[in-house]
Amino acid sequence: MAGGLVLLFSGSRDVLEWQAGQMAAQREFERLESAKPSPFPSSPIVKTRATPQLGNAVAKLVIPRLGAELFVVEGDGDVELRKGPGHMSGTPMPGQNGNCIIAGHRDTHFRVLKDIRDGDEIVLETKAGAYTYRVSGTQIVLPSNTASLEPTRDAELHLITCYPFYYLGSAPQRFVVRAKLVGRAS
Numbered sequence: 056m057a058g059g060l061v062l063l064f065s066g067s068r069d070v071l072e073w074q075a076g077q078m079a080a081q082r083e084f085e086r087l088e089s090a091k092p093s094p095f096p097s098s099p100i101v102k103t104r105a106t107p108q109l110g111n112a113v114a115k116l117v118i119p120r121l122g123a124e125l126f127v128v129e130g131d132g133d134v135e136l137r138k139g140p141g142h143m144s145g146t147p148m149p150g151q152n153g154n155c156i157i158a159g160h161r162d163t164h165f166r167v168l169k170d171i172r173d174g175d176e177i178v179l180e181t182k183a184g185a186y187t188y189r190v191s192g193t194q195i196v197l198p199s200n201t202a203s204l205e206p207t208r209d210a211e212l213h214l215i216t217c218y219p220f221y222y223l224g225s226a227p228q229r230f231v232v233r234a235k236l237v238g239r240a241s
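Residue numbers (the numbering used here): 56 to 241.
Honestly, the hints are just simulated from the structure, not real lab data. Predicted model only: the values in this text are computed from it and were never measured. Treat each hint with caution, since some may be false.
[Unchecked claim] Here are the simulated lysine-lysine pairs, DSS-like style, with alpha carbons at most 30 angstroms apart:
| no. | residue 1 | residue 2 |
| --- | --- | --- |
| 1 | K182 | K115 |
| 2 | K169 | K182 |
| 3 | K182 | K235 |
| 4 | K235 | K115 |
| 5 | K169 | K235 |
| 6 | K115 | K169 |
[What the hints assert, rightly or not] So the derived label-pair ranges between C-beta atoms look like this:
| no. | residue 1 | residue 2 | range |
| --- | --- | --- | --- |
| 7 | S144 | M78 | 17 to 25 angstroms |
| 8 | Q108 | L223 | 13 to 21 angstroms |
| 9 | N111 | G184 | 13 to 21 angstroms |
| 10 | S199 | E85 | 35 to 43 angstroms |
| 11 | G238 | G192 | 31 to 39 angstroms |
| 12 | K182 | P219 | 29 to 37 angstroms |
| 13 | L223 | L197 | 16 to 24 angstroms |
| 14 | P227 | Q108 | 15 to 23 angstroms |
A virtual CB, placed ideally from N, CA and C, is assigned to each residue, including glycine.
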């Protein structure tokens, strides 16, 4: 009975942390969206895009057919993934050329990926704009298979989570969703 209570408490804590993290990321994302750049830049020098800080909200991920709306944070460490799906630092941001990688936990925010299909749209909204990707495939791989982490020439998105979705303990495989950028969302 004590073991059951420990498992119940642990699972409840994970869900509550995830929900609280998503609410905080949503507030931060909405604050970023409402901040408009000044029409009078302080310097004529064009500054490079700042690297997001770990744990900060960087995007809203929407899968319309599945009714999913998740806020993506920067980073894929344990702390960041408790808040929500994490953008792998060092990979391109949504809408940019290259391989944008977002990882998430299968037992909370990325559980929705169990129902994703080829052709589904994934919309990633950022401060720079909204971008539509179309799912071109899914696969189940071993953790040692890192092909989905490789750089790409074209704008692609890889969503990665553990697999099987309903597995107790550390899952032995990874579920990978590959999508290609089809344009700016309207």
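Now the hints, each set against the structure:
1. K182 to K115: holds, 10 angstroms
2. K169 to K182: Judged against 30 angstroms, a Cα distance of about 28 angstroms means the pair holds.
3. K182 to K235: Satisfied, since the Cα-Cα distance of roughly 20 angstroms is no more than 30 angstroms.
4. K235 to K115: Holds, at roughly 17 angstroms.
5. K169 to K235: holds, 19 angstroms
6. K115 to K169: Cα-Cα ~19 angstroms, so holds.
7. S144 to M78: 17 to 25 angstroms: With Cβ atoms ~23 angstroms apart, the hint holds.
8. Q108 to L223: 13 to 21 angstroms: violated, 34 angstroms
9. N111 to G184: 13 to 21 angstroms: Check passed, 18 angstroms falls within 13 to 21 angstroms.
10. S199 to E85: 35 to 43 angstroms: Since the Cβ atoms of S199 and E85 sit about 39 angstroms apart, the hinted range of 35 to 43 angstroms holds.
11. G238 to G192: 31 to 39 angstroms: violated, 19 angstroms
12. K182 to P219: 29 to 37 angstroms: holds, 36 angstroms
13. L223 to L197: 16 to 24 angstroms: holds, 19 angstroms
14. P227 to Q108: 15 to 23 angstroms: violated, 33 angstroms
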